[in-house]
Amino acid sequence: MMLPRGQAARMARVGVEQTVTESPAPSEVRAAVTCIDYAPEQILEQQSVERDLERFLSEHRPAWSKVRWINVEGVYDHATVAALAKKYELHPLAVEDVLHIPQRPKVDQYAGEEGQPPRLFVILRMPRLIDGHLQTEQLSIFLGRRTVLTFQEGMPGDPWEPIRQRLHLKDARVRHNDASFLLYTLVDAIVDECFPILDHYGDRLEQLEVEILTNFHRDSMFQVHEIRRELLLLQRQLRPMREVIHSLTREIHPCLSDETRLYLRDVYDHVIQCVEFLETYHELSMNLADMVNSNIANRVNDVMKVLTIIATIFIPISFLASVFGMNFENLPGEHWPPAFAVFCAFCAAMAGGMLLYFKSKDWL
Amino acid sequence: MMLPRGQAARMARVGVEQTVTESPAPSEVRAAVTCIDYAPEQILEQQSVERDLERFLSEHRPAWSKVRWINVEGVYDHATVAALAKKYELHPLAVEDVLHIPQRPKVDQYAGEEGQPPRLFVILRMPRLIDGHLQTEQLSIFLGRRTVLTFQEGMPGDPWEPIRQRLHLKDARVRHNDASFLLYTLVDAIVDECFPILDHYGDRLEQLEVEILTNFHRDSMFQVHEIRRELLLLQRQLRPMREVIHSLTREIHPCLSDETRLYLRDVYDHVIQCVEFLETYHELSMNLADMVNSNIANRVNDVMKVLTIIATIFIPISFLASVFGMNFENLPGEHWPPAFAVFCAFCAAMAGGMLLYFKSKDWL
Amino acid sequence: MMLPRGQAARMARVGVEQTVTESPAPSEVRAAVTCIDYAPEQILEQQSVERDLERFLSEHRPAWSKVRWINVEGVYDHATVAALAKKYELHPLAVEDVLHIPQRPKVDQYAGEEGQPPRLFVILRMPRLIDGHLQTEQLSIFLGRRTVLTFQEGMPGDPWEPIRQRLHLKDARVRHNDASFLLYTLVDAIVDECFPILDHYGDRLEQLEVEILTNFHRDSMFQVHEIRRELLLLQRQLRPMREVIHSLTREIHPCLSDETRLYLRDVYDHVIQCVEFLETYHELSMNLADMVNSNIANRVNDVMKVLTIIATIFIPISFLASVFGMNFENLPGEHWPPAFAVFCAFCAAMAGGMLLYFKSKDWL
Amino acid sequence: MMLPRGQAARMARVGVEQTVTESPAPSEVRAAVTCIDYAPEQILEQQSVERDLERFLSEHRPAWSKVRWINVEGVYDHATVAALAKKYELHPLAVEDVLHIPQRPKVDQYAGEEGQPPRLFVILRMPRLIDGHLQTEQLSIFLGRRTVLTFQEGMPGDPWEPIRQRLHLKDARVRHNDASFLLYTLVDAIVDECFPILDHYGDRLEQLEVEILTNFHRDSMFQVHEIRRELLLLQRQLRPMREVIHSLTREIHPCLSDETRLYLRDVYDHVIQCVEFLETYHELSMNLADMVNSNIANRVNDVMKVLTIIATIFIPISFLASVFGMNFENLPGEHWPPAFAVFCAFCAAMAGGMLLYFKSKDWL
Amino acid sequence: MMLPRGQAARMARVGVEQTVTESPAPSEVRAAVTCIDYAPEQILEQQSVERDLERFLSEHRPAWSKVRWINVEGVYDHATVAALAKKYELHPLAVEDVLHIPQRPKVDQYAGEEGQPPRLFVILRMPRLIDGHLQTEQLSIFLGRRTVLTFQEGMPGDPWEPIRQRLHLKDARVRHNDASFLLYTLVDAIVDECFPILDHYGDRLEQLEVEILTNFHRDSMFQVHEIRRELLLLQRQLRPMREVIHSLTREIHPCLSDETRLYLRDVYDHVIQCVEFLETYHELSMNLADMVNSNIANRVNDVMKVLTIIATIFIPISFLASVFGMNFENLPGEHWPPAFAVFCAFCAAMAGGMLLYFKSKDWL
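Residue numbers (my numbering), protein chains in the order written: chain X, 1 to 364; chain R, 1001 to 1364; chain C, 2001 to 2364; chain B, 3001 to 3364; chain W, 4001 to 4364.
These aren't lab readings, by the way, just hints derived from the structure by calculation. Note that the Cβ used here is the ideal one computed from N, Cα and C, for glycine as well. Heads up, a few of these hints could be off.
[Said to hold, decoys possible] Think about it this way: if two alpha-carbon atoms lie no more than 25 Å apart in a straight line, the pair counts; the simulated BS3-like pairs of lysine-lysine are: (1) R:Lys1066 to R:Lys1086; (2) B:Lys3106 to B:Lys3087; (3) R:Lys1361 to X:Lys361; (4) C:Lys2066 to C:Lys2087; (5) R:Lys1361 to C:Lys2361; (6) W:Lys4087 to W:Lys4066; (7) B:Lys3106 to B:Lys3086; (8) X:Lys170 to B:Lys3086; (9) X:Lys86 to X:Lys66; (10) X:Lys170 to X:Lys66; (11) C:Lys2086 to C:Lys2066; (12) R:Lys1086 to R:Lys1106; (13) B:Lys3066 to B:Lys3087; (14) W:Lys4066 to W:Lys4170; (15) R:Lys1359 to C:Lys2361; (16) B:Lys3361 to W:Lys4359; (17) C:Lys2170 to R:Lys1086; (18) W:Lys4106 to W:Lys4086; (19) X:Lys359 to R:Lys1361; (20) B:Lys3066 to B:Lys3086; (21) C:Lys2106 to C:Lys2087; (22) B:Lys3361 to X:Lys361; (23) R:Lys1170 to X:Lys86; (24) W:Lys4361 to B:Lys3361; (25) W:Lys4361 to C:Lys2361; (26) C:Lys2359 to W:Lys4361; (27) B:Lys3359 to X:Lys361; (28) C:Lys2086 to W:Lys4170; (29) C:Lys2066 to C:Lys2170; (30) R:Lys1106 to R:Lys1087; (31) W:Lys4086 to B:Lys3170.
[Unchecked claim] Computed Cβ-Cβ distance ranges for the label pairs, DEER-style: (32) C:Leu2356 to R:Asp1131: 37 to 43 Å; (33) R:Arg1146 to C:Pro2162: 38 to 44 Å; (34) W:Gln4207 to C:Asn2215: 30 to 36 Å; (35) W:Gln4207 to B:Ser3360: 21 to 27 Å; (36) C:Leu2355 to X:Glu206: 42 to 48 Å; (37) C:Phe2346 to X:His217: 34 to 40 Å; (38) B:Thr3214 to R:Leu1355: 33 to 39 Å; (39) B:Pro3118 to X:Arg30: 49 to 55 Å; (40) B:Pro3118 to W:Glu4089: 32 to 38 Å.
Whole structure, please, built from the sequences with the hints as guidance.
Written out as structure tokens, the structure reads:
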């Protein structure tokens, strides 16, 4: 398989006029919306609020709530996304990026609700291994001063489940920090998902190396090629992630606390490590390709040697036998009784000599 | 096919003295000039104004017109271009760039009419697939405060037709914005044209990969080479486009509104994505070349093995047959009735042994 | 051919002490010196002023002259160069660079005559195709406020002849501008000389590609190598040219008018285009090398297949013939009249079977 | 061997909540803690203070002590690390980096004890050769104004032993300087450990080159591959080290004295030299791979030549012998007594001619 | 040969504590120390002052002396170096760099004698060709306001001898300038030494190219490899030299006059030219490697073709001969007198047909 087909074409159809606020496409799939309000002392989780979204959006958040996190799983439900976008006055360009997949990881800021600082808008792509194949899920995060809105593309499996559980612990550090620390926690979870995938490729490379070293397989090159292609895809995801996280650590933004930036520097170290692993794997896969080529050439050499040894031993003595098969009269030894034995001995000696010669040339 | 021949030479002939304002070459081809005036409430489209260009240029624009967009299709009609250049006081260097194709995508600014801010001048090249072959059309845009002048090289097909239609919709966002937003809309349309072309190459690479994996074709390398060459050409167009759009998003210019710059950032994301796709395709095409080479080497190996197996089985037993064809008297077994059967059995055993040996070496 | 031998060594001998002002080497070759004075209304061209250089240098220039352009063709005439250098107080380091060929293209500025702003000093190298071989001519330009001094290495053919003719036209833009505009005109002429050379290499690559695709030539690789080497040389000239022209467009210098810088930006676009062409050609030549290698490997494969087919068909039936040539008594069929026909039929069947087998393996 | 497996996965499990200060894991292994207090006149070394860590931490340092260096060998003893972290108020993120191995070399600064300047935190990785295999040990250094805390991962062998001995010398320069000079001494010792390792690889490359030049080994490519992989790993360690030391030489930090920065510039020169050695080795290993490939191709060529020579000499004369073995009546020479001798002479002449022909083609 | 072995290890042993000022190693070899004092009007050269160094160092320099140049040849004489270092208060780190070879070229500045501006400290490495092998000599230069101290590693041959001779000329420009101009003269002499070496490699590459084009040598690849390795070493020396000279041209330092910086710019142009030559040579050597590989493949192809032609002609007719050698009764033509002639004619026709076929396939 190649890059997912039609991706590029799908993007092309996304013009300015068709953004959600103007023509929200009705959709069969419903998104799952979860809302968590928390403060150091208290936490409230509302699940499946999409069932009565209007009521939910019209209600005020609890007064004690320090941070509200609304998570939408399944961005193909355009109506739900549009309703949230309207309520929180999300910028149409940002909404377009949320809805139209795939987007390149990026960090941007758009004016938000009035009287509030502009909202940070972050797009990340999380690599996933589904049936051993590399896929990526798009995650979009809006960070306000006290509100975090997240949109998941909606693949099976949820990288943020552990975070939700940890939020319920009274001592969890994230409970005692502001909204931007939640952003850090979310980004950290996404980057941590990359390590098992890197291990997967590390293992496959190691296995392939052992195979190449011990046996000759004529399709080793195809396997190298397959790994290389998937590493390429992974690299295309991780490189812009690195940039995004780097600019988050440097962004001076009213919603980003100093402490969050400190912790994001740690995530940045991890994502750099990922990219460096990938580069090492890339180099290793190139070495493997060299070894495969060398293997094939050695193989040709081996086959040639067998042929040459056989031919070189038998062609001369075959000639000799032919000579004594000629129908000349008075062939030497024709009537000499030990002629045959002498001939055989001579042939054996010649073959032996040849073998010694090959031995000396290190061919055997 | 190679790069279009004579391009370089044609450029060389373009000296300073031969610019249009001094010696406009009379031309057979007429350009098609369209003028659209619009404001949020009203729109007026005049087609084929080239039929009475003088009258058109001498008339004042309607008082209600917020933005005037004059589009010229077919820059080889030097007279028309020169007339417009004179009316709008376009800089001779910019006019030269409009007329002399191909130019490298770039953004520049030239002093315009008196009392007006300098005009932004943008050259873009739009890739087109014509009969499966990559061609590029040059598009030049002059942006004033309330006027947009565009020049199309004049290939069949018009990327801006949908924009014209959208302008007639009362609610279209572009109607409610200034001239620079029209610039954004035009640039966006050009970048969107790249995605189907990328898909075309993605499909060709995928198809070629399947072919290489399943069958051996001795000209696979030539196909890889062809794709590589066209990707190279595409890259030469897209890389400077990326720079141009990047500098548009950063340019502080009186004609460029903040909102336009925000939207251009979005186009910039798209063009980066295009370039990254191209790089991935380039890498994949290199991998394909490696696979083709590996394929050929495997093929040589296969052919060699067949030869070696046949030769190794038959050469020794042929020798034996020759031996018993010698005209010695008293050849062993000459008069022994089962001699022939024994010989045949021996040969069969030897051939079988050889086959087992090859099996053990994994050659069969 | 390789890089011109001894170049490096020749340069090494150029020490500080041996500059022209200290020990001008008497030379057989005379330089040809031309002096043009011009203003919008008037122009005066004096040719061969080297015949009475002293008188010429002692005379004042005409009062009406806005710009004086002195061109020296043939820098090996050290005496003439030294005389001019003395008159115009050229810096010894600059003079050294003029005289000692080859220099790397560069732009520098040296204090000039007293009370004048420092002079711009530009070295450029113009690629020339002489008998299909790439050579470069060194051109040095001193730009003062009202004076331009140019030194040509002195190869046959003069890129600046058209400029001289244009200067005599009353309407020529260069006549109405200052000295720095003449600099622009000279640099523009040099860059324009590059395009036919690029076309030459484009054509050669195209031709070579057709040859490689249609026929097998064992020395294709050498031709690829030759083009590659010349492209390399061209690149070594054009890359520093790009830097030089780039820094000219940025240099804030009293002698460089704003308009000239605007026009130089245009030349800069051209030189970038040249460099990009070169890079594309370089990539294409690498692709050609890959194709040649693939070609050779395919060729080996073809030869091997013919050998294998012949051997595989005949070796087994030859064995059979040998068997029936053995001198055993009671050979089966020895006395059976149709034996020979049966044998022949069997051989034909076997050969046919083999051919079918090869067909099925796609070898025929 | 590949990259150490599971590294990436292990890192992934490191979340924010599990840092040491919250849940120190009880561990079987005890760390070895050494404390050295020194001043120009006096020095006191306390070993194995981990036996009564609590008492040690509650005691005040001697009043005369200018610099206190606490070294912890074996970071897997989380309890000890946690106790020190609590006492010296180390930042939880830094402690996490100390405990979770491997980290990328980096320099960071964290707020330390109140009223003190922020502490510099440096992570370095020291390459070690253990049984000829490349491993790396993580070393973490906290630099305060008068205190240096170091944590060693705990591999056998201690690069800092010579420093400890030198500290006991009254004249040692490090005794007469501040804490940051101790940091320099430690970093210098780590960088110096790289040189014998580089020599190890230089020797292996040299040896491999000699082998490739003198003998043909079919697994030379695997050896090249192995060296290349280890050089890759080493490069991954040294590149970030270079960055770290570079930023140390530039960091304006209250704990870093000017003199230390001067000395660190020297270390920086060494680490650059290391990286350049590595790059040269990398290039050399690529050359070796080319030579191996060329070797294999030459080998195939040799084998082919032997086969071709033998076949070309004997196939024609074998044919001749077969011809005279035909059972036609009236075979020419059948009854001519010298026929056999003539035949033999003819064959010898033909073989000789062939040999001369091969000689002329330079095949022998 | 590889990189000089043990270099890295030797460096590793250089710690801070073992610098010369603390423990000068007594040495067998004596350095040769020359002192030149000069001013425009006067010059005094004292050779072999190492014989009574103490007296020399205690004497004051002549009052008329504008510049004092002390040159030490042979840095292995630690005592002499230490004495000078003490007298001129050279910084221990700088002295360490002078003594411990090899150092990377660099420019640094260290506080010098009191009341004086800091001294510039420059390390350069001069490439030398000794018996056709590339070696480098380390040259260290200390530049004060009126004093230049230089240390040569002490290989045979002295690049600065011509400078010394020139100093004795009354008109020499260096006599009329300050100490920094002497620095320029020394650096210029070192860079000029590179050009003959580049010519040496240019010649070797050219020669090798001719050899590869005209003859096949199986060890061409080794020669390419050897050149490549030496070019690599040269590059490692010249790249940091370029940086050093570049930073000298930019350094604002009280000891560096403006005029010297102007002249150093010229040296900088030369060193850039050297590096560009090297890069071109590197590219050319890669092309040569491609040609060698192509050569070997062509060679295999040739050998294969000869084998295939011989085999394809003779195998079928050998089979025919065998057929007529079978011991069947009633072999067709057995008793037909012209049978043999017909057989021979048939064989000749078949061989001729084959040859025509090969001709048509362009194999002959």
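Starting from R:Lys1361, check that the Cα of C:Lys2361 is at most 25 Å away, please.
At roughly 22 Å apart (the allowed maximum being 25 Å), C:Lys2361 and R:Lys1361 satisfy the hint.
Hint check: W:Lys4087 vs W:Lys4066, CA-CA at most 25 Å. Holds or violated?
Distance ~19 Å between W:Lys4087 and W:Lys4066 Cα, so the pair holds.
For the pair supplied as a hint, B:Lys3359 and X:Lys361, is the alpha-carbon distance within the 25 Å limit?
At roughly 20 Å apart (the allowed maximum being 25 Å), X:Lys361 and B:Lys3359 satisfy the hint.
Going straight from one Cα to the other, do W:Lys4066 and W:Lys4170 come out at no more than 25 Å?
Status holds; Cα separation ~14 Å.
Is R:Lys1361 within 25 Å of X:Lys361, Cα to Cα?
holds (22 Å)
For the pair supplied as a hint, W:Lys4361 and B:Lys3361, confirm whether the alpha-carbon distance does not exceed 25 Å.
With a Cα-Cα distance of about 22 Å, the restraint between W:Lys4361 and B:Lys3361 holds, given a limit of 25 Å.
Between the alpha carbons of C:Lys2106 and C:Lys2087, is the straight-line distance 25 Å or under?
With Cα atoms ~24 Å apart, C:Lys2106 and C:Lys2087 stay inside 25 Å; holds.
Straight-line alpha-carbon gap R:Lys1170 to X:Lys86, limit 25 Å:
holds (22 Å)
Hint consistency between C:Lys2066 and C:Lys2087 [alpha-carbon to alpha-carbon, up to 25 Å]:
holds (19 Å)
With 38 to 44 Å as the target window, see if R:Arg1146 and C:Pro2162 comply at their CB atoms.
With a Cβ separation near 42 Å, R:Arg1146 and C:Pro2162 satisfy 38 to 44 Å, so the hint holds.
Given the hint of 42 to 48 Å, check if C:Leu2355 and X:Glu206 actually sit that far apart at their C-beta atoms.
For X:Glu206 against C:Leu2355, whose Cβ atoms are near 46 Å apart, the range 42 to 48 Å holds.
Straight-line Cα separation of B:Lys3106 and B:Lys3087 no greater than 25 Å?
Holds, at about 24 Å.
Violated hints: none; the structure is consistent with every hint.
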